[in-house]
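A.B. asks: We have chain G; now place chain D onto it with these hints.
Letter by letter, the chains look like this.
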Amino acid sequence: MIEASPSTVAGIISHCLGGFPDEACGLIAGDARTGRVARWYPTRNVAASAKLYEVDPGDHLRADRDAQAAGFEIIGVFHSHTHTPAYPSPTDVAQAPDPSWHYVLVSLRDVGPTLRSYRIVSGKILEEPVVVTVG
Amino acid sequence: MSVEVRLPTVLRPHAAGQTVVEAEGATIGEVLESLVRSYPGMSGQVLTDDGSLHRFVNVYVNDDDVRYLDQLQTKVQPGDTVSILPAVAGG
Numbered sequence: 032m033i034e035a036s037p038s039t040v041a042g043i044i045s046h047c048l049g050g051f052p053d054e055a056c057g058l059i060a061g062d063a064r065t066g067r068v069a070r071w072y073p074t075r076n077v078a079a080s081a082k083l084y085e086v087d088p089g090d091h092l093r094a095d096r097d098a099q100a101a102g103f104e105i106i107g108v109f110h111s112h113t114h115t116p117a118y119p120s121p122t123d124v125a126q127a128p129d130p131s132w133h134y135v136l137v138s139l140r141d142v143g144p145t146l147r148s149y150r151i152v153s154g155k156i157l158e159e160p161v162v163v164t165v166g
Numbered sequence: 005m006s007v008e009v010r011l012p013t014v015l016r017p018h019a020a021g022q023t024v025v026e027a028e029g030a031t032i033g034e035v036l037e038s039l040v041r042s043y044p045g046m047s048g049q050v051l052t053d054d055g056s057l058h059r060f061v062n063v064y065v066n067d068d069d070v071r072y073l074d075q076l077q078t079k080v081q082p083g084d085t086v087s088i089l090p091a092v093a094g095g
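Protein chains in written order, with our numbering: chain G, 32 to 166; chain D, 5 to 95.
Just chain G, with the same shape it has in the complex (with noise of 0.2 Å):
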């Protein structure tokens, strides 16, 4: 599970857009324990591709180390889906870098945007809730 504030989901969401028509991305911090989301960083995609992501290398150390002078750690990515749903693709399976991140999908291929999270683990792909809370 993952819980975010309206604030978090709607930043990501505009991130999302922002960078269409190619893929956007950005981490996730919070507890690693709870799922809860404390704070979100957008990042640069260096693969500048409707069908690809790479997340900044510099903007992911600037991103860790604020997490972590702030006691969080980054607990997983998110980015989006031009053209197909918020599902993870076997390219997004086949480099997940870690079972214990979430991996937050944001599908803009419909007129409204949907936000869909999950964890990867050994190549299986597990949807989980996405709660948003107020305060």
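What the hints contain is simulated information worked out from the structure, not anything from laboratory work.
This one's a predicted model, so the numbers in the text were calculated from it and none came from an experiment.
Treat each hint with caution, since some may be false.
[Claimed, not checked] Which residues of chain D face chain G? A partial, calculated answer using Cβ under 10 Å:
# : residue
1 : P12
2 : D68
3 : P90
4 : A91
[Stated by the list, open to error] Result set (SDA-like, lysine to any residue): computed pairs, CA atoms no more than 25 Å apart in a straight line:
# : chain 1 : residue 1 : chain 2 : residue 2
5 : G       : K82       : G       : G154
6 : G       : K82       : D       : F60
7 : G       : K155      : D       : V14
For each residue, glycine too, the CB sits at the ideal point set by N, CA and C.
C.D. replies: Frame of chain G; chain D shown alone:
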């Protein structure tokens, strides 16, 4: 010479859960070889079988990605912090 190496969550189980460990070396290549000697579970996750940097990790000396420096030949100084992060990508 000893430097501090910050580990990503995915490698910490191989180092008894530690976030930061010490490793020896004058270059990034030596530091990573020393790390894998100390924590053999990381073998194949940081360096490939032929000794090059694994494409699924990014390694930094302080603020700089070693791929834009001298890669594994990048020199490290006492007090430098080496960070390892996963290369995050997909489709």
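A.B. asks: Hint by hint, note whether the structure agrees.
C.D. replies: For each hint, the structure was consulted:
1. For P12 (chain D), the shortest C-beta to C-beta distance to chain G is roughly 7 Å, which falls under 10 Å, so the interface hint holds.
2. The criterion of a C-beta within 10 Å of any C-beta in chain G is met by D68 (chain D), whose closest approach is roughly 9 Å, and the hint holds.
3. The restraint placing P90 (chain D) at the interface with chain G holds, with a minimum CB-CB distance near 3 Å, inside the 10 Å limit.
4. Interface restraint check for A91 (chain D): the shortest CB-CB distance to chain G comes to about 7 Å, inside 10 Å, so the restraint holds.
5. Taking the CA atoms of K82 (chain G) and G154 (chain G), the gap is about 20 Å. The hint holds against a cut of 25 Å.
6. For the suggested pair K82 (chain G) and F60 (chain D), the alpha carbons sit about 19 Å apart, so the restraint of at most 25 Å is met.
7. Note on K155 (chain G) and V14 (chain D): the hinted pairing holds, with a Cα-Cα distance of about 17 Å set against a maximum of 25 Å.
Consistency note: the structure conflicts with none of the earlier hints.
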